[in-house]
Amino acid sequence: MSLGLTPSQTVGPYLHIGLTDTRSFSQIAADGAPGNRIDLKCWVFDGDGIAVPDAMIELWQADADGRYHHPEDAPERVQDPLFRGHGRMPTDADGCCSFQTIKPGRVPSPDGTLQAPHISVSVLGRGLLKRLPTRIYFAGDPANATDPILLLVPEDRRATLVAQPDTHRQGGWQFDIHLCGPRETVFFDV
Amino acid sequence: MSTTTIPPSNKKTPPKVVPYRRPEPGTQPESNYAGYRATARRAPSKPLVYLPHTLSEVTGPVFGHEKIAETDNDLTRQHSGDPLGERIIVSGRVLDGDGRPVSHSLIEIWQANAAGRYRHAIDDHAAPLDPNFSGSGRTLTDQNGAYRFVTIKPGAYPWRNHENAWRPAHIHFSLFGPAFATRLIGQMYFPGDPLFAYDPVLQSIPDEKSRQRLISNFDLETTKPEWALGYRFDIILRGRDATPLDPPKVSPR
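One line per chain: the protein sequences are L and Y, in this order.
Under the working numbering, the residue at position 188 of the first sequence is numbered 188, and the numbers go up by one with no gaps.
In short: position in the second sequence from 1, add 1000, done, that's the working numbering.
Derived by calculation from the structure, the hints in this document are not laboratory data.
A portion of the hints provided could be inaccurate.
Claimed, not checked - Here are the computed lysine-lysine pairs in the DSS-like style, where the Cα-Cα straight-line distance is at most 30 Å:
#1 Y:K1153 <-> Y:K1224
#2 Y:K1067 <-> Y:K1224
#3 L:K103 <-> Y:K1153
#4 Y:K1153 <-> Y:K1067
#5 Y:K1153 <-> L:K41
#6 Y:K1046 <-> Y:K1209
What the hints assert, rightly or not - Footprint (simulated), chain Y over chain L, 3 or more residues, beta carbon under 8 Å:
#7 31-42
#8 68-78
#9 90-103
#10 116-129
#11 171-177
Here a beta-carbon is modelled for each residue, glycine too, at the ideal position from N, C-alpha and C.
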């Protein structure tokens, strides 16, 4: 038996009343969760380079050991009070939102090699009929060179998936998302 | 005499990854749909990069242990008085593509009030707000994937996408399902709405049968006498061919 999928529709401009006014999560890892602290700012721009003030970003990541707090990886960690693994924030008037987390560890890929540290991203918003999945990698991590997913991305576009350190902030990182236009971020068919 | 083999302590066997099936062509909207004007400067124009599923895609946030307050799934009881409009019951099941229930899974909804106005700072539609209606709710599916909301029927409302543009009445819904790959946000419509043909958001889905899957059915069985009409709406998330916890019961000869 195969049932037809329910189709996606845009979240529209009023997503906040259902999703983020009372249930946004900027703290993916609480203070005290093992790992190197990261203060991650994500920015969203449209095809004209103009900030998108009504988008929503969702993140999903492994802990510092490279374990997902999920029944199919580390079921015993699912209710870890220090680590949600999940973040969700609306962008502000400048098209920006922030997350407090730790740098994820390396998780295995199906062929047994290890992926480079990365965070899974969903971008949603008015004008987006379905979510746009992408990934955040970290500049300067030597594992990026052999990451099996990054290697699937045309070389001249890989940089769009790599967050840059922001030396003005303690543990600061910055990730720019360009929905379209000349600097369009790589989005995945997940 | 026997020797015991101790596995190296830091090397766990990576969990087996069973990918989720991809949607059939035409069953999901195109990102770039000219009729919906806002897509023009927001939809990606380059091809998506095919991402074979890894542990990152077959895992996702887990909400099944969260507490749902009594009024979270009854949007008519979140204030001291009754909201205006037509009280309705929206219920159904969340299943995967193979008909297996998606249990203990979070559903979030939001909607306009009976007059077609959202309680949101940027909604300037000249229709009244209702002090007794906030328009958002959440619930968890039960063991069988079943869920139920009580709310009021939302009104249609104008938007500025094109000349004399109106959105058909709808309730936004958001589900995570079991994995990053199963995330779904959609809109549920009501049967027989004359605005369907003019609505680019619904019409962005190429396949007619798939569009129908966003339209709820009137249901006499869940209609409560002297109280509220019932609408049924089943939500189908992506399936996978088999799960690691669910091996075939009969082995091939």
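Those earlier numbered hints the structure runs against, lowest number first
Hints 3, 5, 7, 9, 11 contradicted; others consistent.
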